[in-house]
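Chain A is fixed; fit chain B onto it per the hints.
For the protein sequence lines, the chains are A and B, in the order given. Position one of the first sequence corresponds to residue 0 (numbering that gives the first Met the number 0), numbered consecutively onward. Position one of the second sequence corresponds to residue 0 (numbering that gives the first Met the number 0), numbered consecutively onward.
No lab work stands behind these hints, which were simulated from the structure alone. Model, not experiment: these values are computed from the prediction. Backbone N, C-alpha and C fix where the C-beta goes; we use that ideal spot for every residue, glycine too. Some hints here could point you the wrong way.
[Unchecked claim] Not close to chain A: a few residues of chain B, all C-beta gaps over 10 Å, as computed:
id: 1; residue: T70
id: 2; residue: K167
id: 3; residue: Y212
id: 4; residue: F334
id: 5; residue: A347
[Stated by the list, open to error] Here are the computed lysine-lysine pairs in the DSSO-like style, where the Cα-Cα straight-line distance is at most 30 Å:
id: 6; chain 1: A; residue 1: K360; chain 2: A; residue 2: K199
id: 7; chain 1: A; residue 1: K199; chain 2: B; residue 2: K167
id: 8; chain 1: A; residue 1: K353; chain 2: B; residue 2: K167
id: 9; chain 1: A; residue 1: K287; chain 2: A; residue 2: K199
id: 10; chain 1: B; residue 1: K167; chain 2: A; residue 2: K377
id: 11; chain 1: A; residue 1: K354; chain 2: B; residue 2: K167
id: 12; chain 1: B; residue 1: K167; chain 2: A; residue 2: K274
id: 13; chain 1: A; residue 1: K274; chain 2: A; residue 2: K377
id: 14; chain 1: A; residue 1: K351; chain 2: B; residue 2: K174
id: 15; chain 1: A; residue 1: K360; chain 2: B; residue 2: K327
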Amino acid sequence: MKREKRIKIYVVILLIIMPGFLSGCWDSHELNKLSIVSGLGWDIDNTGKVTMTYQSIIPSEIKGSSGSNGGGEQKGGSQLSAIQLNQDTGSSPYDALSRYTQHASRIPYYEHTQIYLFGKEGVQRGIYPFLDTQARNPVSRPKALMVVSAEEKASDILGIQDGMENIQAFGMAAEIKLSATFSKYPEVTVLQFQNRLLSKTTAPIAPMVGIFEETGPEGKKIRRTRVVGTAVFKGDRMIGQLNERESSGLLWAINEIKIGFVMIPEASMEIVSAKSKIVPELQGDQVKITIEIDEESNLVEYRGHQDITADLVHELEKGQAKEIESQVRAAVEKSFALDADVFGFGEAVHRKYKKEWKDLKPRWDDIYSRIEVLVKVKTHLNEIGDVNKALIKD
Amino acid sequence: MENRPISSQQFSALLFLLLIGSVLVYVPGITAAQSAWIAILAGAVIGIWVLYAVISLHEMFPGQRITQISTLVLGKVPGTILNILFLWSIFIFACGLLYDFYILLNFINPAIAVEVLCFIIILTCVYCLYQGLNIIGRLGELSVWISLIFLILGIGIALPLADFSNLKPLASAWKPLAAGTFFSADWPFAIVVVLGLFLPLVATIKEHTKQIYGWYLISALLLAILSAETLAILGPELSESTRFPLFLIYRLIGFGEFRRLELIFLFLWLISGITPIIILYQGLNFIVQDIFRLKDYIKLILPLGLVLGVFTLYMFPSDMLYDILENKYSPLFTFPVNFLYPTLLLLAAGIQKKRASSKSTPGSAPARPEKPSLPATRPR
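For reference, chain A alone in the conformation it holds in the complex (with noise of 0.2 Å):
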């Protein structure tokens, strides 16, 4: 009865006590406090001060309609629109953060930010403050995207209101994540990029966004973002950039070919699957890698006004390896002008060469240039469509 009584009165008093814990007053993030950021720019100029672009979601102001101002560029938060862009600069990427908090009414939530866009200035001079930030702050999404702009600020891109989003942020994530799913150029997140930064050989690669214009139906000139190509870093500073060609062609050496086209002067070939393998072979000091590829395809496209036959089919899955070949042969070439092991060589010979690779790792940078590298294609086209004649015969 007494043990019953004394229970009684510790339910009592941790009934009293729990609400404290559990009401969840301590961490709330209510919505009217908080700026969702959505982009974060990063750029750094030549006294080494940091600019911070912040694309922030007014969540109160979202009801269903458009983004900023509709039709052309985001105000930076003159009037109160959803989508608002911010700026800071500091000595550091956290000085700069301090600052925003001297202007801003909201706390920064960073958990749904899609993007860091580096300036091209800023890349040039080395991010690692930046990744550090990223890597220590618990809140950062590992997934979102590294994007490097192709205009020397990352504020020049982020400005841009375009395409089918009305935040812009997500609507270049999107953009990004859409030329990967198409094979154009690399996808790559913050933890993909961490990875490649502590391989020690492997070069990070990071897809680039630049500004194009274009004529709109009224005349009017509209300014638009696009994937315009592939940046290179040796450690944390970009030395170089892939074009569209090359970024396909290091796509197809590291087995990340999902769907896509393969155009040749004939015809053109769906991707329907690609399996890539990268084979090292050491002979004495000379490194030699096989790239070897198999693809598959459809055809979708024929140019040409012959029946399909099997030799034709022979001729234009000779043609897409050729295609192929020549891709993979621009990447190595531009990697070993760029002296940046992009493909993970390097790694590739360690995994095999586990004792040898002790000897070769401090070499690596003079190794690389020298490596022999043969590309294997084999392709295999599998449907011809509907039609097997051509309408229009020669």
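Just chain B, lined up with the frame of chain A:
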């Protein structure tokens, strides 16, 4: 009728949760880099000896806790000295687990102070222990399947993210592999020595020894798979440098546009994170009870819990100090104690038994230690 509040099924469940829950926040044996999973399997072999020693001791001295066997076999003074070393080793483990757990909770809820989290955990454990030992058994039995399902679900969902080339080259150098084996043998496998304090409370252990070894092997295998997957997803460097690699992996997974699934797996951490703390905490109660020869451990629960909480907060004021102490220095003490303590007792018990049987006259029954009464527990 003997009162044994824990069934062998519940005991096996506790063993599983002790091993899995102890290491859910990091990759054991990560010193071996991409070969950490091999180090785990090698560490499990060392751990199985500890388990064997503990079970054998129980068979030789049924109804006695390992700390009681220690004074019985080695004598009061040497036995008590070993028990004090054992107490300190278990205390360090309990502090480490408690710290890991509240830091993980603080990582998820940064606004709640670590002191508050620490004492919420301690008070939860205190409440559980006041309820009696069969509650711990029931907790294990209840949570083991849920934990297992969540664990396998997590492994399955994260599998598409894995790049198994990250696991190569295998065993590239023997030194890191040996270090990894040592560290994983220390934490979590040698920790099973604490179960020597619970064995007298388990019913029908002799008939279910295979079941216990089976659950031990399942835990070791799951830990190896989990580590291999973590390494395959994050790579060895990032797995080592990230504070909570498994949590990071759960942050990466998602179905289509559904993200933030890590919070679903919080259940796994809450259940399997708190169970090892409860087991070690109860272990501490038993050891202190035996060292001071107290009739009951009930009065020790709250004071020991407060000591554990305060000590943890002061012992690890920062992650850096935790890393230095728990990952560099404490294994040099805890592993020898946890490995040698049951080994030494088994050897001594074996020698004692031999001597006793050689002294006994032919035809008479071999001398056996007097069957002691069951340790004081709190049956409910």
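Here is what the structure says about each hint:
{"no.": "1", "hint": "T70", "in the structure": "holds, 33 Å"}
{"no.": "2", "hint": "K167", "in the structure": "violated, 4 Å"}
{"no.": "3", "hint": "Y212", "in the structure": "holds, 35 Å"}
{"no.": "4", "hint": "F334", "in the structure": "holds, 28 Å"}
{"no.": "5", "hint": "A347", "in the structure": "holds, 42 Å"}
{"no.": "6", "hint": "A:K360 x A:K199", "in the structure": "holds, 9 Å"}
{"no.": "7", "hint": "A:K199 x B:K167", "in the structure": "holds, 16 Å"}
{"no.": "8", "hint": "A:K353 x B:K167", "in the structure": "holds, 9 Å"}
{"no.": "9", "hint": "A:K287 x A:K199", "in the structure": "holds, 20 Å"}
{"no.": "10", "hint": "B:K167 x A:K377", "in the structure": "holds, 27 Å"}
{"no.": "11", "hint": "A:K354 x B:K167", "in the structure": "holds, 13 Å"}
{"no.": "12", "hint": "B:K167 x A:K274", "in the structure": "holds, 20 Å"}
{"no.": "13", "hint": "A:K274 x A:K377", "in the structure": "holds, 10 Å"}
{"no.": "14", "hint": "A:K351 x B:K174", "in the structure": "holds, 19 Å"}
{"no.": "15", "hint": "A:K360 x B:K327", "in the structure": "holds, 28 Å"}
Violated hint: 2 only; the structure is consistent with all others.
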